[in-house]
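J.: Spelled out from the first residue to the last, the chains are:
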Amino acid sequence: MAIHGNKRNYWEQLTKDKIPERKTAVVDKNAKAGEPRQDQQESATIQDKPAKQDAPVPATSSAPPSGERRFRQTDLPAHFIERRKRPRISTEQPPPPAPPCFGDYEPIIGKPELDEIRFLARHLRGKTVKMVNSTAVGGGVAEILNRLIPLMNELEIPTRWDVITGGNDFYEVTKGFHNALHGGEYNLTQQIKDIFMSYNEQNRQRMEFAEDLFVIHDPQPAGLIRAKSPNRGKWIWRCHIDLSNPHPGVWDFLKPMVEQYDATIFSAPAFTRQLNVPQYLFYPSIDPLSEKNKDLPEEYVNKVCDDFGIDRSRPVITQISRFDRLKDPVGVIEAYKLVKKYVDCQLVLAGGGATDDPEGAVVLQEVMEAAGDDPDIIILNLPPWSALEINALQRASTVLVQKSLKEGFGLTVTEGLWKEKPVVAGAVGGIPTQIIHKLTGVLVHSVEGCAYQIRYLLTHPEFAAQLGKNGKEHAKENFLITVNLKRWLLLFQILLGMARPNATL
Amino acid sequence: MATATQLPTTRPRWARSPFYFNSASHLLRIGREKATTLQELLEAIRTCPESSIFQHTFQTLAEHHFIREGFSNDFSQWAFASCNEVGLAERLAAIDVREFTSIAALRERLIHIIDTYLQKNLRAATRVAMEPFYLMASDLVVVPTPYVARNLEEFADGLRKVSIHSIYYHFIDARLRLKLNNNDFSVWLEHDLDMAQTADRLNRIDIYTNTLGGVRRNILNVIETELSRA
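Note that the protein sequences, when read in sequence, are chains A and B.
Just so we're on the same page, our numbering is the position in the first sequence counted from 1, plus 6.
Just so we're on the same page, our numbering is the position in the second sequence counted from 1, plus 10.
Just so you know, the hints here were simulated from the structure itself, not pulled from any lab data.
Heads up, some of the hints might be wrong.
Restricting the straight-line Cα-Cα distance to at most 30 Å, the calculated cross-link-like pairs of lysine-lysine (DSSO-like) are [what the hints assert, rightly or not]: (1) B:Lys171 with A:Lys475; (2) A:Lys475 with A:Lys300; (3) A:Lys444 with A:Lys343; (4) A:Lys117 with A:Lys300; (5) A:Lys412 with B:Lys44; (6) B:Lys171 with B:Lys189; (7) A:Lys181 with A:Lys199; (8) A:Lys444 with A:Lys347; (9) A:Lys300 with A:Lys478; (10) A:Lys478 with B:Lys44; (11) A:Lys234 with A:Lys181; (12) A:Lys117 with B:Lys171; (13) A:Lys482 with A:Lys412; (14) A:Lys475 with A:Lys346; (15) A:Lys240 with B:Lys44; (16) B:Lys44 with A:Lys261; (17) A:Lys444 with B:Lys44; (18) A:Lys133 with A:Lys482; (19) A:Lys343 with A:Lys412; (20) A:Lys261 with A:Lys133; (21) A:Lys346 with A:Lys444; (22) A:Lys300 with B:Lys171; (23) A:Lys482 with B:Lys171; (24) A:Lys261 with A:Lys240; (25) B:Lys171 with B:Lys44; (26) B:Lys130 with A:Lys478; (27) B:Lys44 with A:Lys482.
Anything over 10 Å on all C-beta distances counts as not near chain B; from chain A, calculated [to be verified]: (28) Asn159; (29) Phe176; (30) Leu445.
Values in this document were obtained by computation on a predicted structure and should not be read as measured data.
We put the beta carbon where it would ideally sit given N, CA and C, even for glycine.
Bound-form chain B, shown alone (with noise of 0.2 Å):
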């Protein structure tokens, strides 16, 4: 007797609205400020643009994406390579760009580790560096890719095709977007999916400890778990 094609056991659970895979390119330009000593970048963090502290923090994770050890941004990398004040810089490398969802509130941390270190450390202020800090800043556009994701299957593929700088734009610098403590990949899980728990469990992928290739590899492990269960 024919039987009917047989429908799989299980059918992908579709989102309620698809994700759509951006990447981010950026075009590095210099600005005015320079700084030579400690109290010099002080006072150029005070008066930078809101663009040049991205540069300096987010987007430089972006830029080193393959290294894991050292510190966690350029402001910190100079205070320890240039001014071999590793105090200071073992304060703003601890500064995690994920706690922040606004430039003002980061550079509010950023003058006052500074600020504090120097009131304590007076010779270090004046100190000349080896070499002088260049503040940046940067130009981000955002480039639309053809990948969208319907499906945890889509989206797990999605992850695996697009580019590292599409996982850092949805990944790092999503939070300035979406002004909250969380990620465009975490956003859609739990609002398109109903998986919040998985949605939690990317969020805390650690960035500072792993590559962005890294990061993209967890994310994928976490993605890969849930369709296993299926």
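Next comes chain A alone, as it looks inside the complex (with noise of 0.2 Å):
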């Protein structure tokens, strides 16, 4: 496999900031499987086979139907082509880092916020937890747990991770709730009630519910609340997914379990229904120590840049989403279009998804032909283990933009926020939470509006300043899981009768 020359020099560097080292690698996607080759490129990220410097390809033609892109003649200099045309992309998923402990996160929130958690937490002291979900694996849901979990152990909150079991019928019938919750159509049978009632049932069953409190994730497992005993814990139901347009029936099935609960947690007003349970409002949240978020040195945010082509002299424009319509790319790439005719920016357009989904692999092939020959238009599609390349982006961005045409709740836009950035993004999902308009960063509606709130940006960098401070510190108030957590206490607390709203403890 072929590396970069002069990466030992640099990671050498790097070491010291503890950022792993990264095989990186440009692989021909015609070679034989194990074979990549240097000067080659990896899948179909960039054209593959550029057009000769001095053989100019018309400005209005679109990609051939091969999927290559041409760039057109340019006074870009030739290392920011080169590198362009071969971008270095990490070939090999690094281990994941050790989790990072509760005192880690003092230089973040500071030792008083610190400080208070441990007092919530010490109320709580022996009080113990079950979290239930369906996967332990893969999805955010699974991300946060392995994030909360520990912090609550650390903080003597003895909490238990269970996932749920079933067969492959049962896993079918959940992913046809799951889409059917975010309004598509669904048959909803006897025969799939049954199968989610008795793999619900079998679990109950496997399963032991000794705990003080018991907090279910999502539908899938909500059955288990035929578990709850009158004079034993409290039950939790934290439901991640949007139910403002759920398919009737199966809402109807869910509900009289759901209402069995104490409680219902949300991640946004508009995700609600109506239930005669109290139903509180948890924003998703980052973690400023993962690898996604954490403070990187300089050096390795050029090295990224240096990896992709991107040139840090001029402004640069980036929107990190998987290849999908909803997040609109090729509106992004219209917006660029408009702006690139007032300021002499870049745009980066950075996700995965093209690879292992079909749909993303056709929408990858129109952000190309929507990007035509213009070589200041930089499409990567990333493997999944490139959270520290999309930290390095974002943070080399001059603007973020999230032009979603839907949403959930956008942990993209709460990266930039944290990450001090100016953000542009659709009015959409819980989008309009993160984005207070033109406080906390920009929303807009139209492809229009994008370009001229980006071009205001690039041509006003005190206002994009102030808009990133901001942001900062509404993701550091609202989204961080330092604040998740202390919800979470603050939630068990007042269910348990330990903690009365409105009273000193």
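Build the complex: two chains, separate frames, hints provided.
T.: As structure tokens, this is what we get:
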């Protein structure tokens, strides 16, 4: 495998900052398996065969049917052109870093905040918690629990994580439920209901329910509520999905179960349904110490830009998201083209999902066609282990964009706010919760609006800096894992009757 | 000749009773009310629990403590950003929560402002907003801190060390607890240290043109000035 020549010196320098060594390579997508070669390109990220620089392609031409992009002639220095043709993308999944300790957050949130969380935890010391979800790896819920549960245990609140089991028929049903709860069509039959309930019952019989608090995540294990006993424990249903427009039949089936819980939690007010049990708002959170969000040395940011051919002397507009039409990457390109008439800038569209998702590959092709021969549009189809690179790309950007047409909470927006960047985003899903228009970012509703706001930010750096500053404070106040942990501790105390709202502990 | 250990020329003035710094943590509950028009908002404000009025006026100051610009409560922000009713937004933003020692009085003021505006702007009442307004409620839990002040120096030290939520709790939230147009810091300075003028200076610090960090700095400026005079 080809490794970039100057990597050793560079990584020696970076080792001091505890960034793990990553292998990068340029791979020929036509090479036989296991035979990537240097100076050949990986997958369909950027054009496979660049146009000769002395043979410019008319600006109006789109990508040829093969999916290859050709760049028109440009003044861009040759090394940028070369890198854009052959970006260095890491080919090895690094080992996961050890989760941080609670005390590691002190430089981020301050000692007083940390002390308050410790105080809340001290009151709960010895109380036991069981968290249940449907998967141990992959997906946002598992990612959250992987971070949250070690912190709870470190604070001496013994917390156990159980995962329900089921056959393929169960997971087909729960996948169908998931889509139906997002508003999709679904044919709910008695047999489907029986499959759902029988696996929930099997899991109920398999598990012990001896804890003080039970937190059941999402619809899949919602039927475990049958284990609720009148004299033992409080039950919480944590719904991570948007229930604003559910399939009526599926929701009518689940609702009687949900209403047996002592409390429910949603990620945004718009995601809820009318229920006769208390509904709490827990925003999704990011971990400021994760690979995706931790501080990076400037040298590493420069190195990633160099790997991808990004010119840091000119403004960089970036959207990080998988290649999905709901993220409107083509709309972002249209907005960039409007901006480019006034400001010499670059656009980075970086994400994944085009390798393992057939629709993602189609969207990537559409994006490449829309990008045409503009060498300043850099399209990166990154592997799932690119958290550090995404972190660096966000930090290298002048403006971050999330021009979604439909969105869940939009954690890429949170990541941008945390990095003190001005964010321009579509006013959909949970984004308006994060972006207070013109205070913590800018909300847009169209390509033209997106273009105008980007232009304004690029030409008013003081305003952009103020948005970034406010955005970071907003993220710190509301969307960090430590805030999330505090919310859990408060809810546990309230449900167990240990804290009375509006009374001193 | 040996001399006795020099005593400080000034001794700290001891408070009659110590000041215990607390802090406040809050949990957001999603309410049942939702408004898609200003008329619906008016109805929701009439009927929602007091904890919702508290959340969207007092508590929002704590949640957005880092912002100086913009509208100062959630109702005015929504009238501006989602309903495009700048006139109403300005009137709602002019509400200074420090003038209210009860939520009932604050609710009445909100109702009066919106009702008056809608009577003069009939079409504004039923025009559908770009985003709905979801009424929330706040469960506030008070958390003690280890910081205690028995004199002005310890008070300044505590102010420097506590979280911003503690400043909010003692300086803003206190009004509803005390049922006074005052704050915990000023009450302590006046009653336990006989420093009425200092207390008054603190109480006049503007919470709307400052971030809570700025409020903390202003309070400290007043206290440090007093300490330098001692």
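J.: Please flag the earlier hints that this structure goes against, numbers listed from lowest up.
T.: 25, 26 and 30
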